[in-house]
Every structure is written in C-alpha cells, then in structure tokens.
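Residue numbering for the sequence shown follows this note's numbering, beginning at 143 and increasing consecutively.
Just so you know, these hints were derived from the structure itself, not from any lab. A few of these clues could be false.
Here are the simulated lysine-lysine pairs, DSSO-like style, with alpha carbons at most 30 angstroms apart [claimed, not checked]:
id : residue 1 : residue 2
1  : Lys308    : Lys194
2  : Lys381    : Lys442
3  : Lys450    : Lys194
4  : Lys341    : Lys331
5  : Lys224    : Lys331
6  : Lys450    : Lys440
Pairwise CB distance ranges (calculated) [unchecked claim]:
id : residue 1 : residue 2 : range
7  : Val305    : Glu235    : 40 to 46 angstroms
8  : Phe349    : Gln287    : 24 to 30 angstroms
9  : Ile413    : Ser187    : 31 to 37 angstroms
10 : Thr316    : Ala277    : 29 to 35 angstroms
11 : Tyr272    : Thr360    : 35 to 41 angstroms
A virtual CB, placed ideally from N, CA and C, is assigned to each residue, including glycine.
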Amino acid sequence: MTISNMTVFMPPVLTLIGIPGLESVQGWIGIPFCAMYLIAMIGNSLLLIIIKSERSLHEPMYIFLGMLGVTDIALATSIVPKMLGIFWFHVPEIYFDSCLLQMWLIHTFQGIESGMLVAMALDRYVAICYPLRHAAIFTHQLVTQTGAVVTLRAAILVAPCMVLIKCRFQFYLTTVVSHSYCEHMAIVKLAAENVHINKIYGLFVAFTVAGFDLTFITLSYIQIFITVFHLPQKEARLKAFSTCVPHICIFLQFYLLAFFSFFTHRFGSYIPPYIHILFSTFYLLVPPFLNPLVYGAKTKQIRVHVIKMFCS
Numbered sequence: 143m144t145i146s147n148m149t150v151f152m153p154p155v156l157t158l159i160g161i162p163g164l165e166s167v168q169g170w171i172g173i174p175f176c177a178m179y180l181i182a183m184i185g186n187s188l189l190l191i192i193i194k195s196e197r198s199l200h201e202p203m204y205i206f207l208g209m210l211g212v213t214d215i216a217l218a219t220s221i222v223p224k225m226l227g228i229f230w231f232h233v234p235e236i237y238f239d240s241c242l243l244q245m246w247l248i249h250t251f252q253g254i255e256s257g258m259l260v261a262m263a264l265d266r267y268v269a270i271c272y273p274l275r276h277a278a279i280f281t282h283q284l285v286t287q288t289g290a291v292v293t294l295r296a297a298i299l300v301a302p303c304m305v306l307i308k309c310r311f312q313f314y315l316t317t318v319v320s321h322s323y324c325e326h327m328a329i330v331k332l333a334a335e336n337v338h339i340n341k342i343y344g345l346f347v348a349f350t351v352a353g354f355d356l357t358f359i360t361l362s363y364i365q366i367f368i369t370v371f372h373l374p375q376k377e378a379r380l381k382a383f384s385t386c387v388p389h390i391c392i393f394l395q396f397y398l399l400a401f402f403s404f405f406t407h408r409f410g411s412y413i414p415p416y417i418h419i420l421f422s423t424f425y426l427l428v429p430p431f432l433n434p435l436v437y438g439a440k441t442k443q444i445r446v447h448v449i450k451m452f453c454s
C-alpha cells in the first residue's frame, strides 16, 4: 500500500491523551481510580498476608485465591500509576517499547485472571462432586502446575501481539494514542500499513481465552448445581452452595464487564469514545477492587481471620 508523506517512521515515543473529550475533568476522574487502586492494593495484600500466615488456609481454594490476588495487584499496577501521571501530572509521553510492554502485561494479566477463575471452578467442581477424592486430586504439586500453566498460556498467547506490532509496522499515521493506557487495538489503529493480521490474531486470542474459560466454568457450575440440588439435606445444599457464591460473584462481574467492553469497543460505533475508554478502564480495575471485598465478606474463614487480625 502507498505510504503518505505525513506518516511517522518508527516513532520512539507515543503520547497517551487519557480520555478524549474529558480532558478538562481528568484530574477529578483520577480520584475514584486512585481510591479503587489503593483499596485493591490494601485488600489483596491483606488477603495474601492472611493466606500465607494461617496454615488452615493452605488449601487449593485459598492458594488459587492468593494467586488471583497477586495477579490483581500486578494488573492494577500496570495501569494506574501511568494513568494518574497523565491525569494529574500531565506526563502523557511513553516510550514505544514501554508502551508495548505495558500492553503485553495488561493482556497477559487479564488472561491469567481468567485462567485462575477456571482453576477455582475446577477446584469447586471436584470438592462438591467428588469430595472424598479432592485431597488426592488437588495436591500442592497440581496447584503449582496449574498456576504455571495458566501463566504460560496467557504470556505465550499474548506475546505474538507485541511481536507482530514491532516487526510488521514501520510507518504510523500518528503518535497520539486516544486512550489512557496502551491497549492492543489502540496501538494497531495508529499504523499506516495493513492491520488485518493483527486484528485477526487479537480476536483469536480473545475468543480462545474467553471462549474456552467461559465454556469450562459454565459446564462446571451446571454439574455443581445438579450435584448440589440432589443432596438430601437442606443444610448440606446451603453449605455447598455458599462455598460457591464468592466465585460466582467474581466470575459474573469479570465476564459481564469483559463482554460489555469488548462489544461496545468493536460494534458500538455510535457510542462516544470516552464511554469506551471509561468502561474498558473499569473492566480492568473493578476485579482487583472487588475481589478481596467479595471474598472477605462471603468467605467465613477469611472474615474470621481478618477480624482476629484487627482485634489483636
């Protein structure tokens, strides 16, 4: 294709403008984002401390929850400091390679979070459907291997997105990224060359991760509900169901926000850009913010240890 004289060759620096259309109020918008980030950091750190210090919580369910907490801390930290730098200190510039690294980190941690929800669903499935075999199946070795596989899957699937941008694109229409962080499609849209391969691979990764994980979690919970409703005692049904409630809440809010952000970004052409960016930012920040609150409120063992920690 013909490259215009107005294009930029391999820009060393990109400019993140934040939230287009809301530049005048970005300083105020940064306040709730900062509050959510601080709560996410404190809540997930507290969760990790409790899980690590209490031997009674060294079970697969809580170990997976600890892994989810680490992922949430890393995901929020990949986004919020730079975003607040744009909103409050007017530092929109970011090195091109740093932008690619941020993109890789964000999408990798998203994939890890989704994989952790699958692992937690599998743990609940075995614990409720095969309770006598749970300890034999979910050994510490299997938990460690599951965490490693989930991490490698996300990192390997997302890495080609970064490589394709770095190796395929040399000319860019602009160096201004109309976003508050380095998102895959926001960078791809800057290129002056053919972007079809990048778009197709991005959709492939999204549907591979979300499609597999959502299908697996849904099938797991269908089987869990069938097993729970066949339990003879009402108390046993309520107890089994209560252990699943926190995970169901996290699962619903994660995927509902994910699909809303995905479809409005690709098919909501009449929706203002700032709505897309606000919802995509909330999609990344709400899970780290809500996860420790939901598990702290809904899981009795964690709630008891939190109260004990503050009382002591």
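Here is what the structure says about each hint:
{"no.": "1", "hint": "Lys308 x Lys194", "result": "violated, 40 angstroms"}
{"no.": "2", "hint": "Lys381 x Lys442", "result": "holds, 11 angstroms"}
{"no.": "3", "hint": "Lys450 x Lys194", "result": "holds, 15 angstroms"}
{"no.": "4", "hint": "Lys341 x Lys331", "result": "holds, 10 angstroms"}
{"no.": "5", "hint": "Lys224 x Lys331", "result": "holds, 21 angstroms"}
{"no.": "6", "hint": "Lys450 x Lys440", "result": "holds, 16 angstroms"}
{"no.": "7", "hint": "Val305 x Glu235: 40 to 46 angstroms", "result": "violated, 24 angstroms"}
{"no.": "8", "hint": "Phe349 x Gln287: 24 to 30 angstroms", "result": "holds, 25 angstroms"}
{"no.": "9", "hint": "Ile413 x Ser187: 31 to 37 angstroms", "result": "holds, 36 angstroms"}
{"no.": "10", "hint": "Thr316 x Ala277: 29 to 35 angstroms", "result": "violated, 57 angstroms"}
{"no.": "11", "hint": "Tyr272 x Thr360: 35 to 41 angstroms", "result": "violated, 19 angstroms"}
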